[in-house]
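Participant: Okay, so the sequence shown: first residue is 263 according to the working numbering, each after it adds one.
Hints were generated in silico from the structure; no laboratory data involved.
It cannot be assumed that every hint is accurate.
Have a look at the derived ranges for each label pair, beta carbon to beta carbon [claimed, not checked]:
no., residue 1, residue 2, range
1, Leu329, Asp272, 12 to 20 Å
2, Thr310, Asp272, 38 to 46 Å
3, Asn269, Val302, 47 to 55 Å
4, Leu270, Ala298, 37 to 45 Å
5, Ser276, Asp316, 25 to 33 Å
6, Val324, Leu270, 24 to 32 Å
7, Asp272, Asp317, 32 to 40 Å
8, Thr304, Arg275, 37 to 45 Å
9, Leu283, Ser306, 30 to 38 Å
10, Lys303, Phe273, 38 to 46 Å
11, Pro325, Arg275, 15 to 23 Å
Built from N, CA and C at the ideal position, the CB exists for glycine as well.
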Amino acid sequence: MVESASNLDDFDRSFIARSILWVYAVSILTVFVFLAAEAVKTSSDWKTAVSNADDVIKTSVVPIVTLVLGYYFGKSKN
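All chains should be built: construct the whole structure from the sequences, respecting the hints.
Facilitator: Now the structure itself:
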């Protein structure tokens with residue numbers, strides 16, 4: 263019974279982590295699409311678009327991914 267509960271906890275934790283990462287990946291991909299569309303619209307100002315995309319990655323992707331994965335692996339008992 264205890265092993266079953268542990269496996270269920272691991273499955274739940276894994277499902278939550280995967281769900282958060284997928285939603286986050288889709289939202290970041292959407293931001294990149296909008297940045298690319300803006301670069302195309304403003305006569306191919308790709309330097310600004312790349313700079314903005316770099317800022318998005320540094321300020322939002324890395325902290326959230328490390329938070330979710332740190333929680334996931336920090337809670338596992340293995």
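Participant: Hints numbered earlier in the text: which of these fail when held up against the supplied structure?
Facilitator: none
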